[in-house]
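Model the placement of chain X on the given structure of chain Z, informed by the hints.
2 protein chains.
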Amino acid sequence: MARVVVDVMPKPEILDPQGKAVTGALGRLGFSGLSVRQGKRFELEIDGEVTDEVLAEVHRAAETLLANTVIETFSVHVGDAETAEVSG
Amino acid sequence: MARVVVDVMPKPEILDPQGKAVTGALGRLGFSGLSVRQGKRFELEIDGEVTDEVLAEVHRAAETLLANTVIETFSVHVGDAETAEVSG
Numbered sequence: 076m077a078r079v080v081v082d083v084m085p086k087p088e089i090l091d092p093q094g095k096a097v098t099g100a101l102g103r104l105g106f107s108g109l110s111v112r113q114g115k116r117f118e119l120e121i122d123g124e125v126t127d128e129v130l131a132e133v134h135r136a137a138e139t140l141l142a143n144t145v146i147e148t149f150s151v152h153v154g155d156a157e158t159a160e161v162s163g
Numbered sequence: 076m077a078r079v080v081v082d083v084m085p086k087p088e089i090l091d092p093q094g095k096a097v098t099g100a101l102g103r104l105g106f107s108g109l110s111v112r113q114g115k116r117f118e119l120e121i122d123g124e125v126t127d128e129v130l131a132e133v134h135r136a137a138e139t140l141l142a143n144t145v146i147e148t149f150s151v152h153v154g155d156a157e158t159a160e161v162s163g
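Residue numbers (the numbering used here), protein chains in the order written: chain Z, 76 to 163; chain X, 76 to 163.
Simulated from the structure, these hints should not be mistaken for lab results. Note that the structure is predicted; figures quoted are calculated from it, not measured. Any given hint might turn out to be false.
Identical copies carry no separate label here, and so any pair may be met within one copy or between two of them.
With a straight-line Cα cutoff of 25 Å, these simulated DMTMM-like cross-link-like pairs (lysine to aspartate or glutamate) come out [unchecked claim]:
no., residue 1, residue 2
1, 95, 124
2, 86, 122
3, 95, 132
4, 115, 138
Isolated chain Z, as found in the complex (with noise of 0.2 Å):
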């Protein structure tokens, strides 16, 4: 079992609704001086090793089915990218 990691965001010149709402709410409770954008986390696990092959297939799903290419980009990362800081 591997996981791969495919981060979907919405392009820099698109609106990011979510987003905005969420820069919003945060600014009400108190965390001002931030912008946030809004995106999407895939975890996908996959059966047996990653191979270039499999990152190509990951590659394939993203621009079919998990990002819409006009209005978003996406990164493929193999692993589980853990430089977390802090977690909870």
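Just chain X now, with coordinates in the frame of chain Z:
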């Protein structure tokens, strides 16, 4: 301007209907042998530098608003953990 990323995922013991739907849809498209869990990704653009204080603040924001810690876990990353293998 610095970027901090907050990833929010449903806890492993929590049902994830969105992820299940995506897994099913991928199966019908011919992508098999994988199971997907879907979460959220927040990219926070922060004025100034990322100090420990700022990180603690982001952690508190994640706990308060970005994640529902009853059913979700979150992790806070500094910068854009750009370990992307492929991106589009």
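Hints versus structure:
In this assembly of identical chains, residue 95 and residue 124 lie within 25 Å of each other by CA distance solely across copies; the values are 22 Å between and 39 Å within a copy. Proximity of residue 86 and residue 122 under a CA criterion of 25 Å is satisfied inter-copy only: 21 Å between copies versus 31 Å inside one chain copy. Taking the shortest alpha-carbon separations for residue 95 and residue 132, only the inter-copy value of 19 Å comes in at or below 25 Å, while the best intra-copy value is 33 Å. Proximity of residue 115 to residue 138 under the C-alpha cut-off of 25 Å is found in both arrangements, the shortest distances being 14 Å within a copy and 18 Å between copies.
Going down the numbered hints, you'll see the structure goes against none, and every one checks out.
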